[in-house]
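K.L.:
Just add 2 to the spot in the sequence shown (first one is 1) and you have the working numbering.
Think of the hints as simulated: they come from the structure by calculation, not from any bench. Just so you know, these numbers come straight off a predicted model, no measurement behind them. Check each hint, because a few of them may be wrong.
Said to hold, decoys possible - Keeping only pairs whose Cα atoms sit at most 16 Å apart, straight-line, the calculated EDC-like set for lysine to aspartate or glutamate is: (1) 98 - 112; (2) 75 - 43; (3) 106 - 91; (4) 147 - 110; (5) 95 - 110; (6) 54 - 108; (7) 106 - 79; (8) 54 - 105; (9) 147 - 108; (10) 106 - 186; (11) 95 - 108; (12) 75 - 91; (13) 106 - 74; (14) 98 - 74; (15) 75 - 110.
What the hints assert, rightly or not - FRET-style restraints, in silico, Cβ to Cβ: (16) 79 - 186: 28 to 36 Å; (17) 109 - 25: 32 to 40 Å; (18) 39 - 149: 21 to 29 Å; (19) 100 - 24: 17 to 25 Å; (20) 112 - 173: 20 to 28 Å; (21) 24 - 146: 16 to 24 Å; (22) 7 - 87: 51 to 59 Å; (23) 28 - 122: 25 to 33 Å; (24) 186 - 7: 17 to 25 Å; (25) 173 - 98: 43 to 51 Å; (26) 21 - 99: 42 to 50 Å; (27) 121 - 14: 34 to 42 Å.
Just so it is clear, CB atoms sit at the ideal spot from N, CA and C, and this is done for glycine as well.
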Amino acid sequence: MIHKGIQRWIGGALFLGIVFLGSATWWIQINRNAIATERADCAVVFGAAVWKGGRPSHALSDRTVAGIQLFEKNSVDCLVFSGADAEPEVMAKMAKNAGIPSEKVELDIEGTNTLATLQNLDPNRSYILVSNDFHLGRIRMLAWKLGLNTVTHAASYQYGRYVKESYFVLREIFGTMWYVLRVDI
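Using the sequences plus the hints, can you model the full thing?
P.N.:
So, in structure tokens, the structure goes:
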């Protein structure tokens, strides 16, 4: 038989865990439909996978197209393509093919993850942060923790929803919980 004090402690811990998990899930959901309506200095496009032959994955293509559209609508003066490995170069090639002048494109090759991308931004500029809808909650929370002047913008799905999207959503929920707890940011 478990002592009543231990039962209360376990019950309380489970309750807090469920509340924390529910709060992170709620945060991801309420940030999914963000569409930037104001102007900013630059759009930051977060990287995603590059397929064999240097082809952008659907996620990378969706995000890049959304950034290009913001530039074409004169919502931003420049595009920052951030990611690991070949991601920024593939995005820059897409922008070049869309007619975006190369001097309006900045590559962040050290933006190997969401936090690194945001830490690499100049805090004296304003940004529209572009990614898939399920990623925006974590991006927004981290940008706020870093004191950046930002809004978020969800990329449209040109190819339909992703096969692994359930995994991506779960990763965002637990990633959000992890970064909420980090006091070093």
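K.L.:
Hint by hint, which ones does the structure fall short of?
P.N.:
Violated hints (numbers, rising): 1, 4, 6, 8, 9, 10, 12, 15, 19, 24 and 25; every other hint is consistent with the structure.
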